[in-house]
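There are 4 protein chains.
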Amino acid sequence: MKETTIILRKAGKEKGALKLRNPVLIVGLPGIGLVGKLATEHMIREFKAEKVAELYSPHFPHQVLMTRKGTIRMLKNRFYVLRHPKKGSDMLLLVGDVQAVTSEAQYEVCGKMLDFFDSIGGKIIYTLGGYGTGKMVDKPRVFGSATHKDLVEQLKKQGLVFGVATGSIVGAAGMLLGLGRLRGMRGACLMGETHGGYVDAKCAQSVLKVLGTLLNIEINLTKLEDRAKESEKFMRKMEKEVERQRGLGGMQDGGLGYIR
Amino acid sequence: MKETTIILRKAGKEKGALKLRNPVLIVGLPGIGLVGKLATEHMIREFKAEKVAELYSPHFPHQVLMTRKGTIRMLKNRFYVLRHPKKGSDMLLLVGDVQAVTSEAQYEVCGKMLDFFDSIGGKIIYTLGGYGTGKMVDKPRVFGSATHKDLVEQLKKQGLVFGVATGSIVGAAGMLLGLGRLRGMRGACLMGETHGGYVDAKCAQSVLKVLGTLLNIEINLTKLEDRAKESEKFMRKMEKEVERQRGLGGMQDGGLGYIR
Amino acid sequence: MKETTIILRKAGKEKGALKLRNPVLIVGLPGIGLVGKLATEHMIREFKAEKVAELYSPHFPHQVLMTRKGTIRMLKNRFYVLRHPKKGSDMLLLVGDVQAVTSEAQYEVCGKMLDFFDSIGGKIIYTLGGYGTGKMVDKPRVFGSATHKDLVEQLKKQGLVFGVATGSIVGAAGMLLGLGRLRGMRGACLMGETHGGYVDAKCAQSVLKVLGTLLNIEINLTKLEDRAKESEKFMRKMEKEVERQRGLGGMQDGGLGYIR
Amino acid sequence: MKETTIILRKAGKEKGALKLRNPVLIVGLPGIGLVGKLATEHMIREFKAEKVAELYSPHFPHQVLMTRKGTIRMLKNRFYVLRHPKKGSDMLLLVGDVQAVTSEAQYEVCGKMLDFFDSIGGKIIYTLGGYGTGKMVDKPRVFGSATHKDLVEQLKKQGLVFGVATGSIVGAAGMLLGLGRLRGMRGACLMGETHGGYVDAKCAQSVLKVLGTLLNIEINLTKLEDRAKESEKFMRKMEKEVERQRGLGGMQDGGLGYIR
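Quick note, the sequences are listed as chains A, B, C and D, same order.
In our numbering, each number is its position in the first sequence, counted from 1, plus 6.
In our numbering, each number is its position in the second sequence, counted from 1, plus 6.
In our numbering, each number is its position in the third sequence, counted from 1, plus 6.
In our numbering, each number is its position in the fourth sequence, counted from 1, plus 6.
Possibly wrong hints are sitting among the right ones.
What the hints assert, rightly or not - Cβ pair distances, simulated, as ranges:
#1 C:163 with A:229: 53 to 59 angstroms
#2 B:73 with C:159: 53 to 59 angstroms
#3 D:15 with B:235: 45 to 51 angstroms
#4 D:21 with C:243: 50 to 56 angstroms
#5 D:233 with B:145: 38 to 44 angstroms
Derived by calculation from the structure, the hints in this document are not laboratory data.
Predicted, not measured: the structure shown is a model, and the values here were computed from it.
For every residue, glycine included, the Cβ atom is placed at its ideal position computed from N, Cα and C.
When you get a sec, could you build the whole thing from the sequences and use the hints?
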C-alpha cells in the first residue's frame with residue numbers, strides 16, 4: 007500500500023447506498039478531549055448508521071490492534087451513512103482510530119477523504135472538535151470557525167459562538183475545511199469549550215446540541231456519558247499498553263535497537 | 007494536494023496581468039528578525055500591489071488559522087504584482103506565513119516558485135533578510151551576497167556591503183538564488199544587520215533604502231514602524247497560542263498521544 | 007534503488023524452485039527478545055532450508071556490515087524454501103538483519119513481501135515474535151492473535167493461548183497479517199511470553215513447539231540454545247560497535263556535524 | 007529539483023572528456039577525521055585533476071554558502087577526471103561538502119553516482135575513510151573491507167590490513183560498495199586508523215600511500231599537511247558560524263519558530 011486507500015464495504019457497494027440527498031460530511035477524528043470522536047460515534051450508534059467504507063493509510067502507525075475476540079485489526083478511519091429521518095440532508099460520518107502525524111501525510115489523507123466526499127456529490131462539511139482552554143466550565147460553549155463570511159452570520163443564529171476562539175486548528179478538523187474550500191466546498195468547525203486534559207463527554211453533548219440544530223435532527227443524548235466512559239477505558243488501556251512496550255526498551259520497535 | 011501548488015487569483019487571471027516588463031522577483035519570507043517579511047509587506051501596502059497568485063504546500067504545517075472575522079484560512083505564500091511607476095523593471099513580490107521546514111520541501115517549494123517566475127520571463131531575483139549578529143547597532147548596514155562576480159562589483163556601488171557576512175544563508179532566501187542560478191537567473195541576497203532576537207523595523211528600513219536604489223523607486227518609510235508593531239503583535243499572539251496548545255499535553259496534535 | 011527490491015538468488019531461479027505446495031509464510035524478523043528471529047533461523051539451519059531470494063530496501067540503515075572474512079555485506083532480509091518432509095504445506099521462511107523504522111517504510115516493505123508470497127500462490131502466514139511482560143517465567147506460554155474468528159477456534163486447540171495478550175503488535179509481525187488480510191490471506195501471530203530485556207531461547211523453543219504442531223513437522227530443538235548464544239554474541243558485538251561509533255561524536259554519520 | 011541531479015561542467019562536455027581507460031572511482035566524501043576528503047582533495051590538487059561534473063541533491067541541507075568573493079554557492083558533490091600518467095587505469099574522483107543524512111537519501115544519491123560511473127564504463131570502486139578508534143597512533147594502519155573474497159587476498163599483498171576493523175561502514179563509503187556490488191562492480195573501502203575526534207592529515211597520508219600502490223601512481227605528499235590545516239580552518243569557521251546561528255534562537259531556521 008503506497009498511498010492512502012479507501013475501500014468500500016459490502017454496504018457501500020450495494021445499489022444506491024451512496025446516493026445521498028445533499029450529503030453533509032460530519033467529521034469526528036481523535037483530537038482535543040476526544041470531543042469530536044465521542045460526538046460522532048454517539049450519532050453512529052444512536053442512529054445505527056451503516057458503515058460504507060474504510061480508509062487505510064501508510065501514514066498511520068505500523069501496528070495492528072489485538073481485539074478481545076483474539077483477532078487482529080488494522081488502524082483505520084471509517085465512513086458511515088446516515089439518512090436524514092425527515093427531509094433534511096443525508097449525512098456521511100467519518101470517525102477513526104488515529105490521524106496522520108506529519109503535514110505531508112495530513113494533506114494526502116484529507117485529500118483522499120475529500121475525493122471520496124466529492125465523488126458522492128458532497129458540498130458541506132462540519133468538523134467536530136474541542137477547543138482546549140485549560141479550564142473547567144459548567145456549560146461549555148461551542149465556538150465556530152467557518153469557510154465563508156456569510157456562513158458565519160448564519161451559524162451565529164444557530165448557536166455557534168464566534169470571535170472567542172483564536173489561533174489555529176491543527177489536523178483534519180482544520181485541513182478538511184481549508185482544502186475543501188479550495189475545491190469549492192463550504193463548512194465550519196464546531197469546537198466545544200473543554201479543559202483539554204481529559205475525555206469530555208459534557209462538551210461532546212454541547213457540540214451535539216448545536217449540530218442537531220444545524221442538521222435539523224433530534225439527537226438523544228442519554229447514553230453519551232456511558233459511551234464516553236467506554237472510550238476513556240479504551241484510551242487508558244492503550245496508554246497502559248504503550249507503557250508496557252516502552253518498558254521493553256531497546257528491543258521494542260522491531261528490535262532495531264541492537265543494530266543502529 | 008500531493009505537491010506544492012500555485013493558484014492564480016482573479017487579478018492574476020486578467021488579461022495582461024502577468025505581462026511584466028523585465029520582471030524582478032522580490033522575496034520577503036519569514037526569517038531572522040522578520041526583516042525580509044516586514045520590508046516586502048511594507049512595499050505591498052505602500053504601493054497597493056495587487057495579489058496575483060497564492061502558493062499552497064503539503065510541506066507547510068497542517069493547520070488553518072482562525073481569523074478575527076470568524077473564518078478560517080490556510081497557511082500560504084502570496085505573489086503580488088507591482089508595476090514600476092517610471093520606466094524601471096516591474097516587480098513580482100513574494101511574501102508568506104511560513105517557509106517549508108525540511109530540505110526536500112525547500113527544494114520543491116523553491117522550484118515551484120522559480121517555475122512560476124520563469125513562466126513570466128523573470129531573470130533577476132532579490133531576496134531580503136536579516137543577518138543576525140547578536141548585537142544592536144544604530145545604523146544597520148546591508149550585507150550582500152550575489153550569484154555572479156560581476157554583480158558583486160555593481161551592487162557595491164549601490165550601497166551593499168560585501169566581505170563582512172560569512173557562513174551560510176538558510177532557507178528560501180539562499181535557495182532561490184542557488185537554484186535560480188542553475189537555471190540561468192541572476193540576483194542577490196540583501197541582508198540587514200540585526201540582533202536576531204526581535205522584530206527589527208529599523209533594519210527593514212535600511213534594507214528598503216538599498217532596495218529602492220537598486221530598483222530606482224522611491225519608497226516612503228513613514229508607516230513602516232507602525233506596521234512592524236502590528237507584525238510583532240501578530241507574532242506574540244501566535245506564540246501565546248502555541249503555548250496554549252502545548253499546555254494541552256498529549257491530546258494535542260490531533261490527539262494521537264493516546265495510541266502511540 | 008528507489009524502492010524495496012526482491013532479488014532471486016541462484017537457487018530461486020532454478021526450475022520449479024518456487025513451485026511450493028500450499029505455501030505457508032513463516033516470519034521471524036528481529037523483535038522483542040529476538041524470539042521470532044531465533045526460532046526461524048533455527049528452522050532454516052536445522053532443515054538446511056535453501057535461500058531463494060533477498061530483499062533490499064532504501065528504508066534499511068545506510069550502512070554495510072564488515073564480515074570476518076574481510077568482505078562487506080548490505081543489510082537485508084532473506085527468503086528460504088523448506089519443503090515439508092511429509093505431505094504438509096511447503097514453507098517460505100523470512101528472516102533478516104533489520105526491519106524498516108517508519109510507518110511508510112513498513113507499509114512498503116511488507117507490501118513487497120506479500121507481493122512475492124502472492125506470486126507463488128501463498129495464502130497462509132504465521133509470524134513469530136515475543137510478547138514482552140517484564141517478567142521471567144519457567145514455562146513461557148504462546149499467545150495468539152489471528153486474522154479471522156474461525157482461525158482463533160482452530161488455533162486454540164493446537165496450543166495457542168488467546169485472550170491474554172492485549173494491545174498492539176508493532177512492525178512486520180502485525181503488518182504482514184493486517185495487510186495480508188486485506189488481500190484475502192489468513193494467518194496468525196505466535197507470541198512467546200518473554201521478559202523483553204534479553205535474548206530468550208527458551209521462549210523461542212515454546213514458539214517452535216506450537217509451530218511444529220501447526221505445521222505437522224517435528225523440530226529438533228537440541229541446538230537452539232547454542233544458536234541463541236551465537237545470536238546474543240553477534241548482538242553484543244553490534245552494540246559495542248554502536249558505542250564505538252557514538253564515541254566519535256560529531257564527525258560520525260558521514261561527518262555532517264561540521265557543516266550543519 | 008525533485009531528485010539528485012548530476013550536471014556536466016564544460017570540461018565534462020568536451021569530446022572524449024569522459025572516455026576513460028578502465029575507470030576507477032575514488033571516493034572521498036566527508037567522514038570520520040575527514041580522512042577520505044583530505045586524501046582525495048589532495049590528489050585532485052596535486053595532479054590538477056579536471057572537474058567534469060557536479061551533483062546537487064534536494065537531500066543536502068537547504069542553504070547556500072557565502073564565499074569570500076561575495077558570491078553564493080550551493081552545497082554539492084564534485085567529480086574530477088585524472089588520467090593515469092603511465093599505463094594504469096584512469097580515475098574518476100568524487101569529493102563534496104556533505105553527504106545525505108537519511109537512509110532513503112543515501113540510497114538515492116549513491117544510486118545516481120553509480121549510474122554516472124556506470125555510464126562511463128566503470129567497474130572498480132575505492133572508497134577512502136577513517137576508522138575511528140578513540141586512540142592516537144604513530145603509524146596509522148590502513149584497514150580494508152572488500153566486495154569480494156578474491157579481492158581480499160589481492161589487497162592484503164598491497165598493504166591493506168584485514169581482520170581488525172569490525173562493525174559497519176556508515177554512509178557513502180559503505181553504500182557505494184554495497185550497491186555497486188549488486189550491479190556487478192568490485193571494490194574496497196580503505197580505512198585509515200584514526201582517533202576520530204580531529205582532522206587527521208597523518209592518517210590521510212597512510213591511506214594515500216596504500217592507494218598509490220593500488221593505482222600504481224606516485225603521490226607527492228609534501229603539501230598534504232598544509233592542505234589539512236586549511237580544511238581544519240574551514241571546518242572551524244563553519245562551526246563558529248553554526249554557533250552564531252544557534253545564538254539567534256527561535257527565529258533561526260527561516261523564522262518558523264513564531265508560528266509552530
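| field | Hints violated by the structure (listed by number, smallest first) | value | Hint check: 1 fails alone, others pass.
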